[in-house]
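Colleague: Residue numbers (the working numbering), protein chains in the order written: chain F, 1 to 287; chain H, 1 to 467.
A portion of the hints provided could be inaccurate.
[As the list claims (entries may be wrong)] Listed below are the simulated DMTMM-like cross-link pairs for lysine to aspartate or glutamate, each with C-alpha atoms no more than 25 Å apart in a straight line: (1) K236/F with E348/H; (2) K208/F with D251/F; (3) K408/H with D241/F; (4) K221/H with E274/F; (5) K69/H with E33/H; (6) K31/F with D222/H; (7) K200/F with E348/H; (8) K278/H with D251/F; (9) K349/H with E266/F; (10) K3/F with D222/H; (11) K266/H with E139/F; (12) K225/H with E57/F; (13) K353/H with E274/F; (14) K263/F with E33/H; (15) K46/H with E96/H; (16) K402/H with E377/H; (17) K143/H with E2/F; (18) K457/H with D418/H; (19) K266/H with E271/F; (20) K402/H with E271/F; (21) K266/H with E266/F; (22) K56/F with D222/H; (23) K353/H with E96/F; (24) K281/H with E57/F; (25) K263/F with D24/H; (26) K349/H with E265/F; (27) K196/F with E420/H; (28) K266/H with E276/F; (29) K272/H with E261/F; (30) K196/F with D347/H; (31) K127/H with D24/H; (32) K236/F with D347/H; (33) K272/H with D253/F; (34) K196/F with E274/F; (35) K281/H with E265/F; (36) K199/H with E265/F; (37) K356/H with E178/F.
No lab work stands behind these hints: they were computed from the structure.
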Amino acid sequence: MEKYTIVNKVDISPVICEFEIYAPLIANAAKAGQFVILRGGVEGERVPVTLVDWNKEKGTITTIIQAIGKSTAQFNSMAKGDRFLTVAGPLGTAVEIKNYGTVAVVGGGVGIAEVYPIAKALKEAGNKVISILGARTKELLILEEKMAEVSDITIIATDDGSHGIKGMVTDALRGVVEGGAKIDSGFIIGPIPMMKFTAKLMVELGIKPHASLNPIMLDGTGMCGCCRVVVNGETKFACVDGPMFEASNIDFDNLLARTSEYKNEERQLLETFEREHKDHKCRIGLH
Amino acid sequence: MPNPSLPRQHGQRQTPEQRKRNFDEVAQGLTKEEAALEASRCLNCKNPKCEAACPVNVKIPQFIELLVKDDLKGAASKIMETSLLPSICGRVCPQENHCEGACVLKEKFGPVAVGLLERYTADAARKAGLLNPPMPGKESGYKVACVGSGPSSLSCAAELRREGHKVVVYEALHDFGGVLRYGIPSFRLPRTTITNEVKTVQDMGVEFVQDALIGAALSVKDLLKEYDAVYIGSGAGLPTMANIPGENAVGVYSANEFLTRVNLMKGYNFPKSDTPIKIGKNVIVLGGGNSAMDAARCAMRLGPDSVTVVYRRSRSEMPARVEEVENAMEEGIQFNFLTVQKEVIVDEKGHVKALKCLRAELGEPDEKGRRRPVIIEGSDFIMPADSIIVAIGQKPNPIIPKTTPELKMTQHGTMALDEEGASSIAGVYGGGDITRGGATVLLAMKDGIGAAHRINKYLKNKEPKNK
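So here's chain F without its partners, still in its complex pose (with noise of 0.2 Å):
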C-alpha cells in the first residue's frame, strides 16, 4: 500500500471524523503525546493533529480531526482510499509516562481525543486514573467509551446538563475532589480558556497541572518558532519542547492571542472552500 493512504475513516461527528492512516515508520515510533503534520493538497496548509491511536502490526496511525477552517474540512472531506501529500513525524517531545499515583486527565471537545492516548499509557502505567470529559452538549461528546475504558473513574461535565453533570469541567474537578478525592498530576487538553482555568484550579486544590499546548504550527520540526509559547516566563517551542508543559505557570491570554492570528483568514478561506463545494452539506454552520 502507498504511504499516508486512509485505510479507514469513521464520522464521529457532523464535523469530527476519525481516520486510520497508513504510516509505518511513524506507527513504529509513536508516543503518547506526539502529533504528526498533515497536508492535504499541493498548496495546503502543514496542520499539525494530535496522534490518537496506533498500530505496529498494521502500520498504521490514528488521528481524530474536527472541521474548523478549510485544511480540516478538506481533511474530513477526503475517503477511505484517499492519500494525505504529507504526514510527517512522529513530532513533538512524548509525555513522560511513569506512575504519578492519582492523575486526572481532562478533555474538552476534540481534546478528549487528544488526551485519550495519554489516559491509556497512565493506566497502564500503573496510575488510578479519573477521566473528566467536557461537551457543550451531549451529541459533540466523542469517544466516552473508549476513554471509560481506560480509566477508574469516568465523569462527563456538559454546558446544557444533557449528559453527566451541568457544568464545566473545572466543576467536575472541585466537585471530585471535594468528595475526597487525592490527585497528584493533571493532564489537560481542550480549547485555552478551559486549559487556562483548569490549569489554574489544579495549582489551587494542590495538583500539579500539565497542558498540551495548540499554537499555529508551521513546519513543526523546531524551526521556524511561530509555535512559541511562554512557559515560566521562558520562550518555549512547542514543537519539539511541547506540546504537553507543566501549566502552573504557562500565559495562555499570549496562546490565545497568537492561535487567533490569522482568524480573518482562516474564515475567508473556508467561506471560498465551502461555496467551491456547494453539494456538500456546510457542517459548521455557516450557511
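With chain F held as given, fit chain H onto it using these hints.
Modeller: This is chain H only, laid out in the frame that chain F set:
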C-alpha cells in the same frame, strides 16, 4: 583573441519599481549574444586565480573557452565536472568574494561576469536538452544516507552517486532543497531552478524521501543499521530571537517563519495557497545579514507602506552581500543603522504596536574584527510597527544532536569534526551549516563534496552491510 576591455555585461534586470511588487526573478540573466561578448573578455589565464578561489574549483577558464567556441554542451559538462548545481551557484554564490574577486581583470576593466556566465551556460544547456547529469559509476554495493536536501546534502549525494553508491536523501519538509527552498526567495532563485537541479541529482539515480525528519521516526542509529555511511547536512534551522520584552507578541516573526510562510508555503499567493501571511503597514526587520535582506525584500513585495531594517552597526559592518543591500535600498527599503532594539511595545490585544530602540555608536572591534556597537544611554526612541521580523541569526538544528547523544558537538552547538572531517561516530560525516553554524550555499556545497570524498575513502576498507 580575448577582448577584456569590452564593457562587462549585466543582462537585463527588472527595474526597482517593477520588481518591488512581484516575486519574479530580479536579474534576467544573459542572452546568447551577451554571453558570447562576456565570454570573449576572459583572458584564459594559464594559472587561473578564479578557479583557485572557487570553493568547488569550477574549471572556469575552460568552460568559458568552450562557450567562446559556441560549444554549449561542452561548457555545461565542464562545469558539471565539479559542480552539479550550476544554475543555483550562478545565482546565489557571492562571486565577488570568490572567482570574480580573484579575476585579474578586476582592477582595470572589472572582472569577467563568471556567475552570469555559469548561470547562462546551465540554463541554456538545460533548455536545449544539452545538460546531461554525469553517469554514475558501476554499482559499488554500498549504501549511503544523506540527511537534509539542502546544498550540502545535494552535492554530497551527487558526488557519492558518481562513485556508484546507492544514495538516499532524507528531507524533513515536503519539498526538496532545504534553505534554497524555504529561505531564499524566488526573486533571487526561481523555484523551477531548484526543482531542475534536484532533478539532475534524481536523474543520476539518487532516491529522495520527503517528510522524513531524522530524529523522529528514524534516528541516525537506525540509518546506520541499513546504510554503510551517513552524511548529516541538516543545516542551521534554529532561529535566534532578540530576547527583548514583548517578543512573543502577535506580529513578531522569526526570519525563518516569515521566509518559510512566503517561500515554501507561497504565502504571497494567499488565498490561492492556503497558508496566509500578514504584515500590516509598517514592517521592521531586525538584522544585517542576507536573511534580513531576503526578509525585507519579501516584505516589500507584499505591499506594505514601509519596510525598515534596524541594524546595530553601520553599513560597512553588514554581513549581507553588498549587492543585496543595494537591491534592497533601490527597492525603497529604509535602513536605520546604529540602532539597537530594546522592547516590543504591545497593544491591548497582544499585537505589536511599536518598537522601542536605542541609538548606538561604534566602539572597539570584537574578536572577528568588527567594531562593536556601544549604546548611547538615554537615546530611546520609538518606531511604529505592525510587524517585526527577527533576522539576527540561526543556530544548528538541534534535533539530530538531541536524538543522537553519541554525536559530539562543539560548545556552539555545531557538529564536532576531527582533522579528517569525521564525526565522533564511525561512518557519520557532516557538513554545511550544521558544522559551520550559518554560512553560504557554496561553502555548504564544498563541505558536501569534501565529505563525499572522505566517505569514499572510508568505505574502501569496509564490506558493504547489505550484499
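Colleague: Checking each numbered hint in turn, tell me which of them this model violates, lowest number first.
Modeller: Of the numbered hints, 4, 11, 13, 14, 16, 20, 23, 24, 25, 27, 33, 34, 36 and 37 do not hold.
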